[in-house]
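For reference, the chains in residue letters:
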Amino acid sequence: MIDALVLTILMTSVPLILAATGELVVERSGVLNLGLEGMMLMGAVSAFALTYISGSLLVGLLAGIISGCLTAAIFGFFVLGLATNQVATGLALTIFGTGLSGLIGSDFVGKAIEGLPTLFPETFSNLPIIGVFFALDAVAYLSLFIVFLVWIFLFKSKYGLILRACGISHNSAHSLGYKVLTVRWCSILFGGMMAGLGGAYLPLMLTPHWSEGMTSGRGWIALALVVFASWMPSRIIYGAILFGAITIMQLAGQARGWTIPPQFLSSLPYIATIFVLVLISSKGTAKYLAPSDLTRPFISSK
Amino acid sequence: MFYLTPRKEISLFFTISIPVISILLTIIFGFFIFSVLGYDPGKALYHFFMSPLSRLDKIADLFVKACPLMIIGTGLVLCFRANIWNIGAEGQLIMGAVFAGGLALSFSETQSLWLLPAMAIFSFIGGALWALFPALLKIKLRTNEILVTLMLTYVASLFLDWLVRGPWRSPTSFGFPLTKYYPDVGLISKIYFPGIGNISQLHWGVFVAILICLLCWFAMEKTVFGFQIKLIGDSPQALRFSGFNESKTTIALFIISGGLAGLAGMIEVSANIGQLQPNISFGYGFTAIIVAFLARLNPAAVIISGLLIALIEVGGDSAQIALAIPKVVTGVFKGILLFFLLAGETLTKYEIGFNYHQKSSLND
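Protein sequences, first through last, are from chains D and L.
For the first sequence, the working numbering assigns the number 1 to the initial residue and increments by one for each residue that follows.
For the second sequence, the working numbering assigns the number 303 to the initial residue and increments by one for each residue that follows.
Simulated from the structure, these hints should not be mistaken for lab results.
Treat each hint with caution, since some may be false.
When the alpha-carbon atoms are kept at most 27 angstroms apart in a straight line, the in silico DSS-like pairs for lysine-lysine are as follows [unchecked claim]:
1. LYS179/D - LYS651/L
2. LYS360/L - LYS442/L
3. LYS651/L - LYS283/D
4. LYS111/D - LYS442/L
5. LYS550/L - LYS283/D
Note that the structure is predicted; figures quoted are calculated from it, not measured.
Chain L with its partners taken away, still in its complex shape (with noise of 0.2 angstroms):
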């Protein structure tokens, strides 16, 4: 049996290699997984995590399918590092494509410039106020943020999709679940290199998502604000101490992180898709929980563990094509890879001890 004794400092060299060890772990284990599946497990690995970095155009794939998960996840680190558990970003992403996509709707035959930003700032606000519900909730009357923002989720998807199957549905859509086409203006354009032009989907909004993890950084670090968002997470009554207001923090927090997840929303509409349907996002609001875990709370380092989770995501579609492994198995792979995240973080804390002979200091 083992014990746990809390450490006096929290080492650098633990700080660095505990995801590293995770993902390596995870490796592992999805060797062993696919193994027992009666894949071939070097096959398989290879097709989930080389063949998605083995060509300039799969590598802007990879940071394409990053975007949300950056601009969501470093929203989440802030909302987390609070010790605020906002779980609902999905449903906040589906109100801000919602919100963007009801301006670019009403507005289609617009020539205006000033269309994607209104949209942008549209869909900011469509997720805040959704965020904004659970956050009054849990200040006034302390209900469980947890399960309000994932009961709005799913009511957000059902919105959406009573959205495009109804009131917004194109005429011209044959009777299938989708709205009409936003206009040009509304959609965001391919980054286009000069001497190269342009590399696969990539798109504006991943330099937009980048910025953010750097400004959320920024925030967190060098601000008062940041300063804040720190005393609630490690020691709320501090904070009362120092005569800072919680709750204004707590709403200022949901509605960053629900805005954020609006963002995210309208960029995947507007640079991917064009058009609303049911289906907007693939799970990326969850996904993110993990990437802001995997970027062990830092805002910034956020972009590379979105790259990272995006890697997966990607070698998941990859390896269904390939080896016709279901696609499911990414879900497994993000659980594990959370679960080693989170054990990593126990002994950055604490000291594990084993005792093997006297029962009397059983750890219970």
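Pulled out of the complex, with its shape left as it was, chain D reads as follows (with noise of 0.2 angstroms):
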């Protein structure tokens, strides 16, 4: 039983370490992309089709990850392009992407496919304890091996560093002849690829089937976890299973017939993201940390 829950607690979190660490990087370089919730139902909407249609789940995978990445460069082309005010954007993103995630999903709406299966043979699964670690698919470890690969990349590698001189003060950056505006396009990019994985995971592993709007505030969740951890990407990992382990308490709610709405065990997420930002807050070090051109356009003399 705590197995159980445990496994679902760590698949929960998935999605959001994917889109929030996605997120995290193109706020490192100075962009603020609200756009997460629409890039994640395209993901998802994209990678039940493929693998509806094609039986193949590495195939769906890819189509989420493709799709986010379009959906992200849309953004990219105003936002960067033509220097948009990010935060209208990133909301426009989110009403496109649901419209039109909405629209090519209502062929797929009560239809089922496989989901992914686990990684390692059942022996291991099996072991007392330790098992459930070895129960989780390839994307979720995926997932934490990418949040390594980021910390590496941010901290550790000169194009990192780079990176977040872009969102510390794109002017300097440019003086020293970086080029601003193709970092901002790869991150984004790269946001849009992770923001996609994370969308796709939800009806290929969480739920194995397509519903309108099935996010219902992953991506939102997942800004604030970049906020949460305040720009640093291990922390996301904690963040996401603090997040996971709510939202699956009204479930075990449920099950164990708790007295206590639905309603209220539903809405814990979305209180817990507004108590855990008053808290980073109140504390001050998002005002320090936060990259200090965020949401600044980039705009060159000629």
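Reconstruct the complex from the two isolated chains, following the hints.
Given below as structure tokens:
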């Protein structure tokens, strides 16, 4: 019973880890993409549709990644190419993505697919206590590996340093000869791929079907997670598991017949998000750790 | 590759033509989308944009649909103008409806004509309180208001769901999640035109909505408060130097926009539904964001932009009924329209130049 619970918590946190890690890189480069929800939904619907049509999960996952990336490219075109307001453009991306994914997915409502298999053979997952950590699928392990890679990239490599410089002061980075817009383009596209993969995980693993707006606010929670993690990759994992646990509490509560109304348990992740934001901002760390050129468009003179 | 240079003057031509061009481009995009999806684009566009304008009663329906969009949109214009991102109007709308509904349900036998004005005030308070929380967090702790207002929207919607399924459910609803009907004095009546009678569902709330937009325009353009709003948005430093209190203005803006969203919720329920149910809004709070931008952040222009967006909404229904086009396509239209509007914003502020030869002057 406990094993099953831990497993569900870990699986619920995977899409959050993926989407938040992508967004963290985007924000580190000085861009705020509020369109996470839209990109995740596009990833989810593409992954489900192509898995259903092709019968191959790999094709589905790739479709999720690619469509997340393409959706992010729309955002990049407006925000970087035309220096539009990042907050409003992100909202537009969410509205657009929610609509388009619903339109694409309307033919796939009510259809079912087979989810991702576990990576390790059953003998491992049957081990006492530690077994649950071998019972996950490949994407879940990949998500942890990606967090590690992003950390190495951001803090141990030259390119990571350039990326962070663009987020802290794009004018300084520009004066030093770095291509601010190219750096931001790359990070936005990476963020889109991660959000697409995170979205793809929902219909392929968590609930093996497609329904309109199935992310139900996970994109926004992932955005809050980036603040929670104070822009440090490793902290995203703790945050995501915490949110996974809170989300799962409602299911556990229903299963055990708690007398608390289900609506209250369902609202816990959202209340927790507010709580966490308050906690982080009351410590005052968010102010200092946020990339200082976040949401400022970069416009170079000729 | 292209580059941007700031314009010295913002031309009037752009100010007016950008919304028009954005709408035309969205229609062209719609043509393309419908063709790809295999619908007859001509027919689809007719149902989307012409059919809602074909009869007087359908035009009245546009006004009814635009009513909440105008009220919320004009409040959001004030916020956005000051660079404050209250995007949780949907939740504030729900809380306004809940507060007004609570009052109407507690006095379900009353005949007093004071009920309706009291409900309006209650709904304003409900919406304002729901917006006050993120406002206080923003000014005291600098908590990001976008995320907090959004999270509160989910909470409000679950709260309403619990109310109508639990404590407020009518004993005679046969188990459906519905409250009792409001007393007649708690309903908003339809406008009676001498000689014609009622035109479809056109109600007095629409009149109130237009009045509110004009009032907000007056406040923005002709009062010191409006000047402060513009100052926060354009130059917060100048605001501090001039001795205005930024926090007070911020709180006032949250209260106004939240309160108006709450009022919109009360009007929507009292005019069209007459009781509370799990879904009382169809994303009006989010759609109003686009309405605000389409109005180019002018509180009075919200009247026109609210009607235009209502056209897309009503057109979406009409296309769904006539051609079985999924209703979500309106979301695609709204998203694209917002993209074009934002791009247009750039065109008014900057000149776009193109570079084909010199690699050294690329824009990065």
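Margin query: So if I understand the rule, the pair passes when the alpha-carbon distance is 27 angstroms or less; does LYS111/D with LYS442/L pass?
Written below: violated (49 angstroms)
Note to self: Hinted pair, alpha-carbon criterion (27 angstroms max): LYS651/L, LYS283/D. Please report holds or violated.
What the structure shows: violated (38 angstroms)
Checklist line | Proposed proximity, LYS442/L with LYS360/L (alpha carbon, max 27 angstroms) | finding: violated (48 angstroms)
Checklist line | Proposed proximity, LYS651/L with LYS179/D (alpha carbon, max 27 angstroms) | finding: Status holds; Cα separation ~23 angstroms.
Check: Quick one, are LYS550/L and LYS283/D close enough, alpha carbons at most 27 angstroms?
Finding: holds (23 angstroms)
Checked against the numbered hints above, the structure breaks hints 2, 3, 4 and satisfies the rest.
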